[in-house]
Amino acid sequence: MTTATRKCRRSIPGTAIFDGDLARIGYALNRMCFSFNAAECREAFQRDEEAYMTRYRLTDAQKDAVRSRQVLQMIAAGGHPYYLAKLAGIFGLDMQDIGAQQTGVTKEAFQAKLVAAGA
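Per this note's numbering: the sequence shown = residues 93 to 211.
The hints are simulated quantities; they were obtained by calculation from the structure and are not laboratory data.
Treat the hints with care, as some may be off.
Unchecked claim - Mimicking DSS-like on lysine-lysine, the simulated pairs with C-alpha atoms at most 27 angstroms apart in a straight line are:
(1) K178 - K155
(2) K178 - K205
(3) K199 - K178
Kindly generate the complete structure, drawing on both the sequences and the hints.
Shown next, in the form of structure tokens:
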């Protein structure tokens, strides 16, 4: 990476910027999540998460992130939000669960914020 490229990179405190570097880091995780388009792959993951993650060669950090069920940790490990939505669905998480994780509040508190914002 050139010095000019480094100077042009955006930085938002507390936010993982999904750029080319993070895409390369997260390739295995995103590839695994893409596989969940097929019902048989979702079922295989649910039968044995560890074997499935190993099959896709996830790093230890990526495996820890998946085990945590914390979407922000998965994003930091290179997960793209679009693909992670597939994994979140397997875990039974909806967009309000994810919003709560992202804002550091309970799901109920997040829902209350949504209601207040709409009033």
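| task | Could you tell me which of the numbered hints above are not met by this structure, giving the numbers in increasing order? | result | Structure breaks no hint.
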